[in-house]
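*Asks:* Residues per chain, in single letters:
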Amino acid sequence: MSAFFRVAWIVLRKDLTVEVRSREVVYTTLFFAVSCVLVFSFALVKEGRAMEDAAAGILWIAIAFAGTLALGRTFERERQAETLRALLLAPADRPAIYVGKLAGIVALLLAAEAILVPLIALLFQASALFSRPFWLGAILLAGTVGYCAVGTLFAAMLIRARSRDVLLPVLLYPITIPVIIAGVRGTAVLLEPQPDVAMVRFWVALLVAFDTVFVTLALWTFEPLMTE
Amino acid sequence: MIPRAGLDFDEIAVEEVSRHFGRRKALSRVSFTARAGSLLGLLGPNGAGKSTLLAILGTLLRPTSGLVRYGARTEADAALRARIGMLGHDLYLYPELTARENLAFFAALYGDRQPAASADRALAQAALADRAHDPVSSFSRGMRQRVALERALIHAPRLLLLDEPFTGLDEASVGALVRRLRDLRGQGAIVVLATHDLDVAEGLFDQVVFIRDGRMVDTMAGSEALRAAYRSVMARARA
Amino acid sequence: MPRWFFPASVVCFLMFVASPVLIANAPYEATMGLVQKIFYYHVPSAMTFFVAAFVCGVNSWRYLFGKSAQADRVAAAAAELAVVFGAITLVTGPLWARKSWGVWWQWDVRLTSSLMMWMIFVAYLLVRKYGGAGSEKLAAGLALFGMANVPFVYISVNVWRTIHPTTNVVPTLPVSMGGPFWFCLAAFLLLFVLLLQLRVQLERQRARVDALYLALED
Numbered sequence: 000m001s002a003f004f005r006v007a008w009i010v011l012r013k014d015l016t017v018e019v020r021s022r023e024v025v026y027t028t029l030f031f032a033v034s035c036v037l038v039f040s041f042a043l044v045k046e047g048r049a050m051e052d053a054a055a056g057i058l059w060i061a062i063a064f065a066g067t068l069a070l071g072r073t074f075e076r077e078r079q080a081e082t083l084r085a086l087l088l089a090p091a092d093r094p095a096i097y098v099g100k101l102a103g104i105v106a107l108l109l110a111a112e113a114i115l116v117p118l119i120a121l122l123f124q125a126s127a128l129f130s131r132p133f134w135l136g137a138i139l140l141a142g143t144v145g146y147c148a149v150g151t152l153f154a155a156m157l158i159r160a161r162s163r164d165v166l167l168p169v170l171l172y173p174i175t176i177p178v179i180i181a182g183v184r185g186t187a188v189l190l191e192p193q194p195d196v197a198m199v200r201f202w203v204a205l206l207v208a209f210d211t212v213f214v215t216l217a218l219w220t221f222e223p224l225m226t227e
Numbered sequence: 000m001i002p003r004a005g006l007d008f009d010e011i012a013v014e015e016v017s018r019h020f021g022r023r024k025a026l027s028r029v030s031f032t033a034r035a036g037s038l039l040g041l042l043g044p045n046g047a048g049k050s051t052l053l054a055i056l057g058t059l060l061r062p063t064s065g066l067v068r069y070g071a072r073t074e075a076d077a078a079l080r081a082r083i084g085m086l087g088h089d090l091y092l093y094p095e096l097t098a099r100e101n102l103a104f105f106a107a108l109y110g111d112r113q114p115a116a117s118a119d120r121a122l123a124q125a126a127l128a129d130r131a132h133d134p135v136s137s138f139s140r141g142m143r144q145r146v147a148l149e150r151a152l153i154h155a156p157r158l159l160l161l162d163e164p165f166t167g168l169d170e171a172s173v174g175a176l177v178r179r180l181r182d183l184r185g186q187g188a189i190v191v192l193a194t195h196d197l198d199v200a201e202g203l204f205d206q207v208v209f210i211r212d213g214r215m216v217d218t219m220a221g222s223e224a225l226r227a228a229y230r231s232v233m234a235r236a237r238a
Numbered sequence: 000m001p002r003w004f005f006p007a008s009v010v011c012f013l014m015f016v017a018s019p020v021l022i023a024n025a026p027y028e029a030t031m032g033l034v035q036k037i038f039y040y041h042v043p044s045a046m047t048f049f050v051a052a053f054v055c056g057v058n059s060w061r062y063l064f065g066k067s068a069q070a071d072r073v074a075a076a077a078a079e080l081a082v083v084f085g086a087i088t089l090v091t092g093p094l095w096a097r098k099s100w101g102v103w104w105q106w107d108v109r110l111t112s113s114l115m116m117w118m119i120f121v122a123y124l125l126v127r128k129y130g131g132a133g134s135e136k137l138a139a140g141l142a143l144f145g146m147a148n149v150p151f152v153y154i155s156v157n158v159w160r161t162i163h164p165t166t167n168v169v170p171t172l173p174v175s176m177g178g179p180f181w182f183c184l185a186a187f188l189l190l191f192v193l194l195l196q197l198r199v200q201l202e203r204q205r206a207r208v209d210a211l212y213l214a215l216e217d
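Heads up: the protein sequence lines correspond to chains A, B and C, in order. For the first sequence, numbering that gives the first Met the number 0 begins at 0 and goes up steadily by one. For the second sequence, numbering that gives the first Met the number 0 begins at 0 and goes up steadily by one. For the third sequence, numbering that gives the first Met the number 0 begins at 0 and goes up steadily by one.
Hints are computed from structural coordinates only; laboratory data are not their basis. Just to be clear, a hint being listed does not mean it is correct.
[To be verified] Stretches of chain B that chain A covers, calculated by requiring three or more beta carbons in the stretch to come under 8 Å of a beta carbon on chain A: (1) 46-60; (2) 108-118.
[Said to hold, decoys possible] Selected chain C positions facing chain A (in silico; Cβ < 7 Å): (3) Gly-101; (4) Leu-124; (5) Gly-131; (6) Gly-140; (7) Tyr-153.
Every residue gets a Cβ at the ideal spot worked out from N, C-alpha and C, and that includes glycine.
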């Protein structure tokens with residue numbers, strides 16, 4: 000068991016080191032997410048006022064799009080010197096490699112969210128978001144893990160496929176619709192003047208259930224999907 | 000030191016291995032054996048199937064028919080992977096990491112309890128200790144090759160697979176690599192090397208397998224007078 | 000072709016020919032009148048869609064974990080049929096909604112969930128077509144994830160809908176209309192089985208041609 004987590008930790012640490020050195024994915028993902036927010040703002044703001052619940056929707060769309068980009072770039076890197084092959088050659092537990100990669104991408108997206116949420120609160124006068132920081136954090140964490148759990152598996156599977164850039168969103172978006180629904184609705188509830196905590200709790204519970212089912216499924220199917 | 004998870008094997012036997020991708024037949028009924036302490040060369044033109052065969056030997060691909068025997072084992076599990084090292088065409092190194100970090104990462108991945116010490120030892124072996132803390136992206140092809148070779152050897156594998164390792168190397172680097180391979184043979188490793196560079200291959204191998212269009216067209220013990228042998232074998236195969 | 004195929008095709012054809020007669024003679028539903036009769040095609044095609052989806056999911060599992068090539072062929076065929084029957088469902092649903100309520104789409108929970116599932120199978124076909132080598136495994140993984148998603152899609156869409164309260168647009172059918180309904184359901188399921196058999200046969204022939212090609216080279 001400890002070997003499993005040791006491998007996951009080694010892979011995570013390697014990914015973080017590589018990212019800190021080049022900072023490529025962090026900068027581009029962040030910039031992209033911010034541009035996303037601005038574009039959607041222009042689309043959805045009328046007479047200086049945003050549409051109802053627009054803030055929550057824009058936040059999660061930006062997370063979804065930025066996530067797709069980050070996933071694509073992270074695995075493109077593993078394709079460059081065929082390092083994914085080297086990872087598969089090692090006697091390390093394959094699911095452990097998946098977990099390590101997943102943790103790295105979740106960390107990256109959470110860092111992006113740390114910038115996005117204050118930005119959106121600023122642009123849409125949505126400082127109510129911070130009235131219940133625990134629940135906000137819970138929604139963001141559970142939703143990000145769910146989205147990345149599916150995304151990491153699909154991006155890894157697609158590494159050798161043709162048309163991999165467009166196929167990742169094609170595969171990812173239909174499967175992660177419950178995550179988006181739960182994330183947007185949960186965040187929108189937090190924006191109300193009197194947030195219904197029971198409702199937020201429901202959405203967080205749904206997301207946690209989703210995360211559990213899909214991380215388990217990914218761990219199960221990672222090995223057969225990666226072997227040729 | 001890295002714990003030897005699996006048992007070592009004294010020979011590998013490739014038995015009627017075929018592999019096809021849809022309608023394209025990449026390998027067709029290839030069979031040969033290689034014993035411990037030997038250097039085997041896979042010679043053939045581009046697209047002959049050498050890389051596919053190496054991938055199968057390295058457990059990255061499964062044959063569509065036939066099997067590979069590693070000693071008495073045929074199951075491609077983690078214990079077996081711990082005894083195999085591979086140096087592919089693309090070197091498998093992270094360009095943003097330093098040479099030392101690359102080696103330590105892979106050592107740790109193979110179960111090494113002291114990856115940093117193993118990395119330092121490997122760097123000394125490759126005479127690159129002075130460039131240990133430089134990112135691999137700043138290395139020349141030859142230097143990257145040396146680091147990649149050390150990466151493939153860091154867990155002291157029994158079976159070493161090399162895919163076109165002499166590409167882009169200067170004379171000195173080629174000599175150093177040949178010397179290293181001979182040392183490994185002396186230590187009892189099985190080295191399988193695919194190349195189409197006949198000059199380097201001359202006199203290097205204990206055994207040569209000629210491959211063309213996925214088929215094994217001939218074998219040869221030793222590798223003297225290789226150029227002439229290669230030409231005649233390939234001419235015969237084309238006929 | 001198996002021996003039951005031809006007689007079964009004839010039966011299926013006759014059933015579809017007979018179905019409009021049966022539907023026309025079925026009793027009128029009180030509130031919706033003639034328009035409600037589209038249900039006799041809409042609901043069976045929806046059920047066939049789910050059967051196809053289930054068959055695809057099960058065979059994707061068998062292909063990934065059992066490595067059965069036949070399972071992969073059945074999964075691919077079932078996915079195509081899921082797209083076809085799903086499309087019929089998604090077209091007949093709004094047609095009925097338009098006539099009953101004047102709007103094409105109402106974010107009804109069942110229709111919306113069906114749309115999500117339908118998109119997953121369209122994605123399945125896109126991956127098989129454009130994914131290059133090894134895309135059968137990718138598609139199988141997608142089908143599995145799609146199956147696992149069904150309860151989550153349903154629950155989240157259902158709760159999401161209550162934010163925009165609308166009437167539940169799919170009422171239950173009274174028993175007196177059961178006869179023609181079961182007849183049409185049987186017809187659709189028979190059609191599904193026939194098309195599946197046809198499609199799997201085609202794939203099997205393709206595999207045999209590939210094998211012959213390969214054997215020729217030896």
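*Asks:* Tell me if the interface restraint on C:Leu-124 is satisfied: Cβ within less than 7 Å of some Cβ in chain A.
*Replies:* Violated. Min distance 10 Å.
*Asks:* Is the hint on C:Gly-140 kept, meaning its closest Cβ partner in chain A is under 7 Å away?
*Replies:* With a minimum Cβ separation of about 5 Å from chain A (threshold 7 Å), the hint on C:Gly-140 holds.
*Asks:* Hint C:Tyr-153 vs chain A: min CB-CB distance below 7 Å?
*Replies:* violated, 9 Å
*Asks:* Given C:Gly-131 was flagged as interface, is its beta-carbon under 7 Å from a beta-carbon of chain A?
*Replies:* Interface hint status for C:Gly-131: holds (3 Å vs cutoff 7 Å).
*Asks:* Mind taking a look at whether chain A covers the region 46-60 of chain B? Criterion is 3 or more residues with CB to CB distance under 8 Å.
*Replies:* With 4 residues closer than 8 Å to chain A, the region 46-60 of chain B meets the three-residue bar; holds.
*Asks:* Quick check: do three or more residues in the region 108-118 of chain B have a beta carbon closer than 8 Å to a beta carbon of chain A?
*Replies:* holds (count 3)
*Asks:* Does C:Gly-101 meet its interface restraint, that is, does its C-beta lie within less than 7 Å of any C-beta in chain A?
*Replies:* Hint on C:Gly-101: violated, closest Cβ of chain A at ~25 Å, above 7 Å.
In terms of the numbered hints stated before, the structure departs from hints 3, 4 and 7, listed from lowest to highest.
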